[in-house]
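Novice: Chain residues, written in single-letter form:
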Amino acid sequence: MASKPDLNAPYPYARDKRCPLDLPPQIAETRNDDGMQQVTLWNGNKAWLATRWEDVRTILSSPDISSDAEKANYPAVSASRSAQAKSYKTIFTMDPPVHGQYRRTLTKDFAFKRMQELRPMIEEALNSLYDQMEQGGKPADFVEAVALPLPSLVVSMLLGVPYSDREALQEWSRNRMALDTSPEVVQDSAKKMGEYFDRLFAEKEALYSDKSKNPGDPADLVSRLAVEQILPGHITRLDAVLMCNILYIAGHETTANQIGFGLLGLLTKPEQKANMLQSDESVKNGVEEMLRYYSVVHLHSPRVCTKDMIVGGQEIKAGDGVFALLSGANRDPKHYDDPDAFDVTRNAIPHMAFGFGIHQCIGQSLARLELQILFESVFKRFPNLKLAVPEESLEYKENATVYGLKTLPVTW
Amino acid sequence: MRVIVHSEKCIGSGRCTELAGSVFDQGEDDGIVVLVSPKPSDDQREAVRDAVQSCPVSAIEIVED
Ligand code: HEM
Ligand code: SF4
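Sequences listed follow chains A and U, in order.
Residues in the first sequence are numbered consecutively from 350, following our numbering.
Residues in the second sequence are numbered consecutively from 303, following our numbering.
Bound conformation, chain U alone (with noise of 0.2 angstroms):
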């Protein structure tokens, strides 16, 4: 699993690093996505797809290959 964020389009909501931390983070400086972690391990899958579903703004994607 690879996941993308498209960091242009967040809002800075936040629901991303609180529901998965060790994948998504917020920058210091502007609130907005950093992505800690682009091949989360599988133990994490649950909770990026949580994440992606709870972005208000369709910001993350997962690319399977």
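Just chain A, same shape as in the assembly (with noise of 0.2 angstroms):
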């Protein structure tokens, strides 16, 4: 029988490293006991943690809870992820009313039927990726030959950025998302970021501006929004580049990790890969089990109480940070049966991978339709792929918010 966890551990806890898909012991500690935990983060100060799916549910659709990162005790799981929610005010750190004003200047951009039209420009795609990584020879890393390039592609064609500035962004990005970077390269990526998009917003908006110039429709993100928001005064083009930024970072990286983690599980189960690739309907069901189980967005969502209120049974004061945990919710006995098994046949929805309430992700249909098309796809490509190296021999990015693989070895 294994040890009582250190609950008194500085959050975010470790993960036991012979079970890295499992969450920190910890958390079904805390989930069988009271539910809500105080724990202590890296600068001493106190967050609550709730880890069941009704208290997440609750508190994430809260009129009460605030996502300001510039309220006292916002909670921050490093000293770069704090400098980063305060660098800029963000989509994910802004309240009602502004928040719905800002996010529905996207939602029809992200539209589900929307992104339906996205399906053959992503199948051209994946399957020039596919032919990459053949003609690149095996084993081949699968996250740099397909994970990864994939989701890049799609949000770089979306907004409208030339996909050969990929390195930089990429490196921007995992700057502001890990969780070991120093602050002020944390402020010296979002500066570079910005003043990237802000270049761009630029040139589109004189391209705009001059009606000589024929320049047609918007095609693209960037372009649409320099035409429908920025040109007739409705957001300021350093609105419109924080947006860019944001959904460059939450749009490819999340999508990546899931990628790698979904095809890591069928590549180790081979019943569940059966089960899966049955039919399109059965590769849709088992996405959203991949969703739920591996939980990529594994120590979020932070969140401030600007009300007492009581969760869970627990007395929360207004002022009170806390992580509504999406992973623990997923594995929540209550919700789901045996829930640290990954079963592609069981009906995961809802889940609350993308979150819940007014954050709720607002590129889950793009997300969905790219985790659909590759899985699909890929055992159809490479009916024989396989793992290149044994399982316990995998890294996983510990030191990020996105939880992941760092490599995933492949031969066919």
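Derived from the structure by calculation, the hints contain no laboratory data.
Note that the structure is predicted; figures quoted are calculated from it, not measured.
Check before you lean on any hint, since a few could be wrong.
Pairs of lysine-lysine, DSSO-like flavour, derived with a Cα cap of 27 angstroms [what the hints assert, rightly or not]:
| no. | chain 1 | residue 1 | chain 2 | residue 2 |
| --- | --- | --- | --- | --- |
| 1 | A | LYS353 | U | LYS341 |
| 2 | A | LYS755 | A | LYS541 |
| 3 | A | LYS666 | A | LYS656 |
| 4 | U | LYS341 | A | LYS457 |
| 5 | A | LYS622 | A | LYS633 |
| 6 | A | LYS729 | A | LYS618 |
| 7 | A | LYS420 | U | LYS341 |
| 8 | A | LYS541 | A | LYS438 |
| 9 | A | LYS541 | A | LYS633 |
| 10 | A | LYS457 | U | LYS311 |
| 11 | A | LYS487 | A | LYS729 |
| 12 | A | LYS735 | A | LYS366 |
| 13 | A | LYS666 | A | LYS462 |
| 14 | A | LYS656 | A | LYS435 |
| 15 | U | LYS311 | A | LYS462 |
| 16 | U | LYS341 | A | LYS438 |
| 17 | A | LYS656 | U | LYS311 |
Combine the two chains into a complex, taking the hints into account.
Specialist: This is the structure in structure tokens:
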């Protein structure tokens, strides 16, 4: 029998290295006990950790909960994350009513049907990545060959940034998302990324203000925001720049890590692969289970309570910081039978992998589509795809807000 | 079964359109929920329930009358 995990260990708790796909043991301990645990952060601040499905849902739906990183006890999981949250006000850290106004400038761009129209483009991009992986010879790192390039290509295309700029954009994003970069590097990357999009918007604004250039209808999000929002004065260029920063950051590594994990699950569990590959419907269903089980946004969502409230029998005071733990909710045995089992045949929805409440992921229809297309096709294209190394030797991105595999060596 | 949507709450997640596409849609200009079929037939019941459960902001209600 394992000893009781240390609930006073600093948050984020560490995962057990022997089972890197399970949550740190403190999460189940807390969930079985009170559900809510007061944790200590890197700077000594305290925050509540909500681990149960019901409590996470209650917190994230409450009007008395704020995402404002300027608030005193806004909980950050590291110094760099605190610097990132405070560096600029973004959609992630806005509260109503501003959040809703800001979000509504983007909702049509990510509408479900609009995303389905991208299917041919995504399939084409994916096929050429498969070709390149094949030509590169085996073994290959699936993360580098496919999982990361696919969402980066898609988000670049959607925004209208040249894919050739991806290295710089990805490096800035990584710096801003890691737990262990220095606050100075976070600021510097935020600044450079801001300048990058500022230049892009300046070009588009100039292009679209000059009728003689006849630029046609805006074909990408940067152009559309320039024409419909900045030029008429609805939002400032800075607003638009920040939006695009966030979309780039939020849109590629999340999806990439989710692809890597989902594939790992199928490569290591042949029965799950067989179950998943029955039909397009079973792929769809399995993707939801991948989202639930791997919950790549594994340490969040951070909030501050603005009114005294009772959550799961625990009194939370106005001003207290709270993490509504999405990954914890997704493994709640009250909500899922045998939650630590990866089972692509279960009905996993509604899960919390994209969050809940007003900040629920705006890119979820796009992420689902990318995942569905990938898992519909990958074993058709590479029927003998398998891990090229023992599962035990894989390394995980522990020091990041978005959990993932560092590499996924495969052969075929 | 009658369905009501509170579009002022909607954040355009698209879940309802995906789960019950004959009942819900999203506006072309703003991505906000549009109720296509306020009195869906009984065979839509389960899909509408899924949409209610999945809506992140409780913007969808079922009224049984
Ligand atoms: C599997 C892939 C993805 C996962 C697991 C994921 C997860 C999440 C989660 C958990 C949140 C809520 C954060 C909170 O409550 O504080 C969120 C918000 C967000 N996501 Fe995603 N995401 C994914 C893909 C994407 C994509 C592809 C995009 C865009 C291209 C995107 C853009 C955003 C944005 C802009 C927000 C902020 C929404 C708001 O605050 O209103 N995400 N995502
Ligand atoms: S599920 Fe809710 S938030 Fe999402 S589009 Fe439908 S009504 Fe809007």
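Novice: Hint numbers the structure violates, sorted upward?
Specialist: Per hint list: 1, 7, 9, 13, 16 violated.
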